[in-house]
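Novice: Full structure from sequences and hints, please.
Chains as they are written, first to last, in this note's numbering: chain G, 844 to 1043; chain D, 1151 to 1268.
Mixed in with the good hints, there may be bad ones.
Here are the simulated PhoX-like pairs of lysine-lysine, each with C-alpha atoms no more than 20 angstroms apart in a straight line [as the list claims (entries may be wrong)]: (1) D/Lys1178 x D/Lys1225; (2) G/Lys856 x D/Lys1168; (3) D/Lys1240 x G/Lys856; (4) D/Lys1154 x D/Lys1225; (5) D/Lys1178 x D/Lys1204; (6) D/Lys1168 x D/Lys1240; (7) D/Lys1240 x D/Lys1217; (8) D/Lys1178 x G/Lys878; (9) D/Lys1204 x D/Lys1225; (10) G/Lys856 x D/Lys1225; (11) D/Lys1225 x D/Lys1184; (12) D/Lys1178 x D/Lys1160; (13) D/Lys1184 x D/Lys1217; (14) G/Lys878 x D/Lys1160; (15) D/Lys1184 x D/Lys1160; (16) D/Lys1209 x G/Lys856; (17) D/Lys1178 x G/Lys856.
These are computed hints drawn from the structure, not numbers from a lab.
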Amino acid sequence: MLIFLPPFSAIPKTAGEVNMCGAVCPRMFFIFSPKGVWSGFVNNISSMWFGVALVSSILVVTIFFGRLWCSHLCPVGGASELGSKGIPDKLKINFSFMNAPAFRYGYLFVYIAGAVIGIGSIACKLCNFRVIPFWAGAPFVPAYQTYLLTSMGIAGLLTVGLTGFFAKGGRGYCNLLCPVGALDSVANYLGSRLGFTKKN
Amino acid sequence: MILKEGVNPKPIHISNYKGAQVIALSLKNLHHAKDIEVRMDGAAIQIWYPPVVKMPFSKWMEVDGGKFKGVAFGKRLPLYLSINGQGECKELEIIDSANSSVIQTVHVMRGGADAGHH
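Specialist: Structure below.
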């Protein structure tokens, strides 16, 4: 978490960024653009090159070795899980009543295709890779405070808070709303069908 | 927004809400200017650069309010412009600090896409 999140952001700094937005964004490059799916995708890859490389690595590792990113490395899921440990169990929400795969893949479909089919783009809205880094850096960076106090920021904090910190296990957002997690889940399924992959 | 000479930017439409508003603007520098100033009457301009902890031997742009020094070509400036709800339409000026020339002027229009000037 320390090497990904503000104020240290050691990994994002290698790409010229200070948080997980911009070139480091791991979730915006695979949104279909209404101005042209292929041309939009190519533009996104050039803009978010580090995020593309990160997600590609994550998926390849998952196919062969299991969900190491989500379980061991993701700073955002890790932060919500760690934060959740400090909250009494009686205050937590148990999301097991939901059909997680149906919700997860339905949300992923809307996330990827929403702009093209006319629903609109989710992109940065309710983004876990924005809210958690901004929240971590807010004591040091006024711009983060400004964003988190807007209606969009508060909506993001509530979403990540209720499905993260206040979820049983701390991984409600990861399980239901994270597009990278949903792609990782697909990669894990594909890897399990290959027969020669190593899984812990 | 693309910052490029000769590009005629479309107006930015904001609501005519009377309270404080924050405009999130992503400005991509496709201009030869390295030192850029962003000016809008009554707006406080914030950005999340440079980093809180700077590593040795790394070079980052310098930020002073709405003035940005050392902006690389192709770099995006993620800006938050905080304004109050008072006042009419505003003009957002983007200036090349090296020669104080105006690169672009963007009209910020209150009242939505069908609002007229007032």
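Novice: Does each hint hold? Answer for all of them.
Specialist: Checked hints:
For the hint pairing D/Lys1178 with D/Lys1225, the CA-to-CA distance comes to about 6 angstroms; that is within 20 angstroms, so the pair holds. Straight-line distance between C-alpha atoms of G/Lys856 and D/Lys1168 comes to about 38 angstroms, which puts the hinted pair past the 20 angstroms bound. A hinted pair counts as satisfied when its Cα atoms are at most 20 angstroms apart, and D/Lys1240 with G/Lys856 does not qualify at roughly 35 angstroms. For the suggested pair D/Lys1154 and D/Lys1225, the alpha carbons sit about 12 angstroms apart, so the restraint of at most 20 angstroms is met.
Restraint check: the Cα-Cα separation between D/Lys1178 and D/Lys1204 comes to about 23 angstroms, which exceeds 20 angstroms; the hinted pair is violated. Taking the CA atoms of D/Lys1168 and D/Lys1240, the gap is near 15 angstroms; set against the 20 angstroms cutoff, the hint holds. A hinted pair counts as satisfied when its Cα atoms are at most 20 angstroms apart, and D/Lys1240 with D/Lys1217 qualifies at roughly 19 angstroms. Using a Cα cut-off of 20 angstroms, the hinted pair D/Lys1178 and G/Lys878 holds, with the two alpha carbons roughly 18 angstroms apart.
With a C-alpha separation of about 18 angstroms, the suggested pair D/Lys1204 and D/Lys1225 falls inside the 20 angstroms cut-off, and the hint holds. Of the pairs offered as hints, the one joining G/Lys856 and D/Lys1225 holds, with about 14 angstroms between alpha carbons and a cut-off of 20 angstroms not exceeded. Simply put, D/Lys1225 and D/Lys1184 have alpha-carbon atoms about 10 angstroms apart, close enough for the 20 angstroms limit, and the pair holds. Using a Cα cut-off of 20 angstroms, the hinted pair D/Lys1178 and D/Lys1160 holds, with the two alpha carbons roughly 15 angstroms apart.
Restraint check for D/Lys1184 and D/Lys1217: satisfied, since their Cα atoms lie roughly 11 angstroms apart, inside the 20 angstroms limit. For the suggested pair G/Lys878 and D/Lys1160, the alpha carbons sit about 17 angstroms apart, so the restraint of at most 20 angstroms is met. With a CA separation close to 23 angstroms, the supplied pair D/Lys1184 and D/Lys1160 exceeds the 20 angstroms bound. For a cut-off of 20 angstroms, the pair hint linking D/Lys1209 to G/Lys856 stands: about 10 angstroms separates their Cα positions.
Under the criterion of a C-alpha separation no larger than 20 angstroms, the hint pairing D/Lys1178 with G/Lys856 is consistent with the structure, at around 19 angstroms.
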